[in-house]
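Start from the sequences, fold in the hints, and give me the full structure.
Same order as they appear, the protein sequences are chains A and B.
Taking UniProt numbering, the leading residue of the first sequence gets 1, the next gets one more, and so forth.
Taking UniProt numbering, the leading residue of the second sequence gets 1, the next gets one more, and so forth.
Hint data in this document are derived by calculation from the structure and do not stem from the laboratory.
As the structure is a computational prediction, the values presented were derived from the model and not from experiment.
Treat the hints with care, as some may be off.
All copies of an identical chain are treated as equivalent in the list; a pair is satisfied when it fits inside any one copy or across any two copies.
Claimed, not checked - Dumping the calculated EDC-like pairs for lysine to aspartate or glutamate here, alpha-carbon to alpha-carbon at most 20 Å: (1) 23 <-> 90; (2) 162 <-> 12; (3) 162 <-> 125; (4) 107 <-> 34; (5) 107 <-> 78; (6) 195 <-> 137; (7) 23 <-> 95.
Protein chains: 2
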Amino acid sequence: MSFSPLIRQLIDALRILPGVGQKTAQRMALQMLERDRSGGQRLAQALARAMDEVGYCRQCRTLCEEELCPQCADPRRDDTLLCIVQSPVDVFAVEQTGFRGRYFVLKGHLSPLDGLGPEAIGIPELLGRVAEGSFSEAILATNPTVEGEATAHYIAQLLIPKGLTLSRIAHGVPLGGELDLVDGGTLAHALAGRKTITL
Amino acid sequence: MSFSPLIRQLIDALRILPGVGQKTAQRMALQMLERDRSGGQRLAQALARAMDEVGYCRQCRTLCEEELCPQCADPRRDDTLLCIVQSPVDVFAVEQTGFRGRYFVLKGHLSPLDGLGPEAIGIPELLGRVAEGSFSEAILATNPTVEGEATAHYIAQLLIPKGLTLSRIAHGVPLGGELDLVDGGTLAHALAGRKTITL
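Here's what the structure looks like:
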């Protein structure tokens with residue numbers, strides 16, 4: 001006993017959010033009930049509409065409620081450059097860098113042990129998109145993990161024969177860090193990919 | 001540009017949650033959209049109902065959707081013991097200890113500088129509740145802060161003349177900690193409130 005049924009339901013429902021456990025869910029529920037009911041109502045409406053109406057962009061397969069996402073609908077972007085990412089949140093991350101080409105969003109990475117083969121992650125759709133587009137270069141921006149590398153390698157093998165330049169985002173030390181905190185694998189990549197300094 | 005309008009609205013709405021910034025809100029929104037739409041729909045419904053229907057218990061003034069909260073409606077609890085807390089979440093915390101008396105929930109603590117006097121935090125309702133009840137002891141479980149102590153002191157001055165035994169929750173070192181990490185004020189309280197060991 002303690003919380004009334006509606007509050008308990010709200011706390012349970014909040015726990016589907018990533019990183020939200022029992023204590024955080026309680027704090028969220030009570031704070032909204034005590035201090036921000038209109039915010040809570042707005043959140044309820046935004047959630048209901050988004051869950052109901054958001055689908056996938058016909059062209060790049062990112063999440064959006066229109067047929068084409070803002071990136072695919074924009075006529076001013078570079079149609080020769082395709083950036084291939086693993087998930088919709090990566091589109092946002094790459095956009096922040098100022099990239100202004102086109103995107104294709106895979107459904108995750110290849111993972112044969114989990115039964116995720118080329119069809120499951122959308123490789124046929126990627127080939128279709130490349131065939132109908134006028135790309136000269138495809139940037140493989142899958143995650144720098146074993147699975148992401150394997151997926152990038154697989155896609156490169158498919159697309160290079162089609163006459164595209166394939167590139168992989170650079171590995172190296174992140175900006176603003178300290179060298180002794182960087183793992184050995186990353187540092188090895190940073191050394192191997194060193195650049196000559198020109199004055 | 002980047003996220004479509006509905007997704008952007010959802011991310012903005014999620015930011016009303018305590019401790020949720022832009023990055024976390026993005027992750028929450030995209031995770032629900034990609035992996036758990038039915039959970040998102042359930043959350044939307046639970047939110048809408050709770051924001052709309054949850055009010056305050058007529059007797060103890062905690063949050064609940066019925067006229068009486070589960071604690072006030074339970075006939076088996078100790079009607080001679082009243083626990084006075086600062087907010088509904090404290091009711092939950094005290095319940096966890098196994099306390100089975102009654103509650104009264106203040107609306108925060110006295111804070112003259114913010115214009116929060118006795119009326120604003122519900123002291124008149126507390127006096128009414130004490131007058132109509134049959135309490136012999138009131139436990140002051142306001143927070144162990146300057147404001148919480150002041151509020152407890154103020155309430156004690158009002159209720160002791162009415163023939164009630166007033167008590168304050170004990171201050172001391174928390175269980176499971178290390179002594180040198182405890183602040184001086186707490187340790188001073190722990191020393192002053194030391195208990196004789198009996199074999």
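Against the structure, the hints:
1. For the identical chains of this complex, residue 23 and residue 90 are inter-copy neighbours only, at 12 Å across copies versus 30 Å inside a copy, given an alpha-carbon limit of 20 Å.
2. For a Cα distance limit of 20 Å, the shortest separation of residue 162 from residue 12 qualifies neither inside one copy, at 51 Å, nor across copies, at 42 Å.
3. Proximity of residue 162 to residue 125 under the C-alpha cut-off of 20 Å is restricted to the intra-copy arrangement: shortest distance 15 Å within a copy versus 78 Å between copies.
4. In this assembly of identical chains, the alpha carbons of residue 107 and residue 34 lie at most 20 Å apart only when taken from different copies (10 Å versus 40 Å within one copy).
5. In this homomeric assembly, residue 107 and residue 78 never come within 20 Å of each other (Cα to Cα): the closest approach is 23 Å inside a single copy and 58 Å across copies.
6. Taking CA atoms no more than 20 Å apart as the test, residue 195 paired with residue 137 passes in neither setting, with 22 Å inside one copy and 77 Å between copies.
7. For the homomeric pair residue 23 and residue 95, the shortest alpha-carbon distance between copies (15 Å) is at most 20 Å, but the shortest distance inside one copy (35 Å) is not.
The structure fails hints 2, 5, 6 (numbered hints given earlier, in ascending order).
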